[in-house]
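The listed protein sequences derive, respectively, from chains A and V. Going by my numbering, the letters in the first sequence line up with residues 1 to 253, in that order. Going by my numbering, the letters in the second sequence line up with residues 1001 to 1253, in that order.
Among the hints, erroneous ones may be present.
To be verified - If you want the footprint, here are the derived chain V segments under chain A, 3+ residues with CB under 8 Å:
{"id": "1", "segment": "1030 to 1036"}
{"id": "2", "segment": "1057 to 1070"}
{"id": "3", "segment": "1101 to 1108"}
{"id": "4", "segment": "1160 to 1168"}
{"id": "5", "segment": "1176 to 1189"}
Claimed, not checked - Here are some, though not all, of the chain V residues that point toward chain A, as calculated from beta-carbon distances under 8 Å:
{"id": "6", "residue": "D1096"}
{"id": "7", "residue": "M1097"}
{"id": "8", "residue": "A1152"}
If you are wondering where the hints come from, they were derived from the structure by calculation, not from laboratory data. We put the CB at the ideal spot given by N, CA and C, even for glycine.
Number of protein chains: 2
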Amino acid sequence: MAGTDKTKDMTSGGPAIILVDPQLGSNIGMTARAMLNCGLAELRLVRPRDGWPSEYAEAAAAGATVVLEGTKLFDTTADAVADLKRVYAATTRPRDMTKTVVTPRQAVAELTALPPGCSAGILFGPERSGLINDDIALADTVMTVPLNPAFASLNLSQAVLLFGYEWFLASDETPARQVVMPTSEPAAKEVLINFFERLESALDETGFLVPIEKRPAMVRNIRNMFQRVGLSDQEVRTLHGIVSALLGRKKKP
Amino acid sequence: MAGTDKTKDMTSGGPAIILVDPQLGSNIGMTARAMLNCGLAELRLVRPRDGWPSEYAEAAAAGATVVLEGTKLFDTTADAVADLKRVYAATTRPRDMTKTVVTPRQAVAELTALPPGCSAGILFGPERSGLINDDIALADTVMTVPLNPAFASLNLSQAVLLFGYEWFLASDETPARQVVMPTSEPAAKEVLINFFERLESALDETGFLVPIEKRPAMVRNIRNMFQRVGLSDQEVRTLHGIVSALLGRKKKP
Chain A
1 MAGTDKTKDM
11 TSGGPAIILV
21 DPQLGSNIGM
31 TARAMLNCGL
41 AELRLVRPRD
51 GWPSEYAEAA
61 AAGATVVLEG
71 TKLFDTTADA
81 VADLKRVYAA
91 TTRPRDMTKT
101 VVTPRQAVAE
111 LTALPPGCSA
121 GILFGPERSG
131 LINDDIALAD
141 TVMTVPLNPA
151 FASLNLSQAV
161 LLFGYEWFLA
171 SDETPARQVV
181 MPTSEPAAKE
191 VLINFFERLE
201 SALDETGFLV
211 PIEKRPAMVR
221 NIRNMFQRVG
231 LSDQEVRTLH
241 GIVSALLGRK
251 KKP
Chain V
1001 MAGTDKTKDM
1011 TSGGPAIILV
1021 DPQLGSNIGM
1031 TARAMLNCGL
1041 AELRLVRPRD
1051 GWPSEYAEAA
1061 AAGATVVLEG
1071 TKLFDTTADA
1081 VADLKRVYAA
1091 TTRPRDMTKT
1101 VVTPRQAVAE
1111 LTALPPGCSA
1121 GILFGPERSG
1131 LINDDIALAD
1141 TVMTVPLNPA
1151 FASLNLSQAV
1161 LLFGYEWFLA
1171 SDETPARQVV
1181 MPTSEPAAKE
1191 VLINFFERLE
1201 SALDETGFLV
1211 PIEKRPAMVR
1221 NIRNMFQRVG
1231 LSDQEVRTLH
1241 GIVSALLGRK
1251 KKP
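Looking at chain A on its own, in the form it has when it is part of the complex (with noise of 0.2 Å):
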C-alpha cells in the first residue's frame, strides 16, 4: 500500500531483530522493509549464508535502507545477544524443552514494561529449519504466533512482521472506526432536516407517501436510511442535485 509521510517517523528504535543463519538476501531486504513499516530500527544478522551486504536484499527492502545501513553483522548467537536483558525466542511451541511460551501481544506487552535502558532482542531462525534448540536456551522465553495448525510455517519476514505489527500497535491511537471526509464536513441536524423535509414533500406531491397511516413509518425509514450514511455537507448539496434532477429541475448550466 501506498502512502508515505516522512514527516512523521515513527522509527523508535525497539527491541533488535536478530535472523540467525539466514539465506535468501530478499528475505533479509523483506524482513528489513517490514520492520521499518512498524517502527523497527535494529537489525542484527549472524551468519548470513550469501554473504552481507546484499544487493537481493537492498532490491527487496524497498527503500528501507535505514535498516539495512544500520545492519550489524556476528558470528555467533551468543555474541549477538551479548550485550541484551531480555531475549524473546520466534519459534514454535518447543516439544522437547520446559520453556515460557508468549504470543507476540503478550511479548510486547512485556517488552513495554521493561524498565528504561533494559535492552531486548528477538531471536528468528532459518528460513527451512527454525531456531536450534540451543540457541533458544539463550532466550528467556518463547514467543509462537497463533496461526492455522495444520499450515503454520511462515516465511521469515512475516513472522518479522507479525510482531512487529504488535509491537506498533502498543503505542498507535488510530481510532477502530473513523469517517473520513477530506473535502467537507459532517452535516449539521439543520442541513439534514432540511433535506428530508424537502425530499417528503417532493414524494407527497408524487402520490409515494400514501396511505396516509403508513407515511409516518416511511418517513421514519426513509430518514433512518440516510442517517445511516453520515453525510457531509457537500454529499447532501449531491443530494439536492439529484432530487432536483429527477424531479425535472435543471440547474442552470
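With chain A held as given, fit chain V onto it using these hints.
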C-alpha cells in the same frame, strides 16, 4: 517457522481475498501461503498481469496448493465482488473521498458479527499503485493498517497477512503466556521445599549462610529465585544432581 499439524486444519472459509491487477506471481503465491497460515481459503484474482496459473506463484506458496487450486479469475473488480454482501478495500486513508475507515481488527470484529450467509471480501490493489478510486467506491468500507506513517508501503502479501492474522486471532484461544513442559509436570511444593531444605543445609555446612542474623533473608531470596523459575519435577531432580555434583558426591557411573 516450522511446525505443521494437518489434523488441526483451522481453514474455516472466512472472507474472500481479492487481488486486483496483481503483478508478480510470487506475490500471489506468498499471499496464498499467508492466507493458509491464517485459515483463509478463498482467493480471487482480477486480471493477474502475468497470467494464471503461475509457476512463480506455486513456488512461493510453499505448499499452500489448496488455496491456489481454488483460485477464481475475474475480468473486472465489479464481477469479483458481485456475489458478496460486504466488501472492504485495503488501502491507505483515502484523501479525496468520504469513506468510513477501519483498522483490520475492527474489520474482523464487524465481519465476525455478520449474520450467517452474509458473504464478504477484502480488495487489495496492485503492488506499486494500490487500489484505484473506482474500485474503492465498490467497497462499503476502507480498511487501513496502522503503520509507521514515514514508511507505510507494505508488500502485497504482508498486507494480506496482517488482515489474516487479525482474522485468525478472533477465534484463537492461545493463552497469552504459558509454561510448556513437554516431558514433565510442574513440581509440587513439597518437592520444591525438600530441595530448598537440602540446599540450605548444604550451604549451612559450607558456612555460606552467615552471619546468622542475615540467614532468614538470604534463604528467602534464594527460595524466591528458584520459585520464579516455575520448576518441573525433572528440573528439581536436575538441581539435586547439580548440588550433589558440587558437593563432590559422584553418582554411580
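Hint-by-hint comparison with the structure:
1. 1030 to 1036: holds (count 4)
2. 1057 to 1070: With 3 residues close enough to chain A, the hint holds.
3. 1101 to 1108: Our answer is that it holds, as 5 residues pass the Cβ test (under 8 Å) against chain A, meeting three.
4. 1160 to 1168: With 4 residues closer than 8 Å to chain A, the segment 1160 to 1168 of chain V meets the three-residue bar; holds.
5. 1176 to 1189: Result for this restraint: holds, n = 9.
6. D1096: Check passed: Cβ of V/D1096 comes within 6 Å of chain A, closer than 8 Å.
7. M1097: Result: holds, 7 Å to nearest chain A Cβ.
8. A1152: holds, 5 Å
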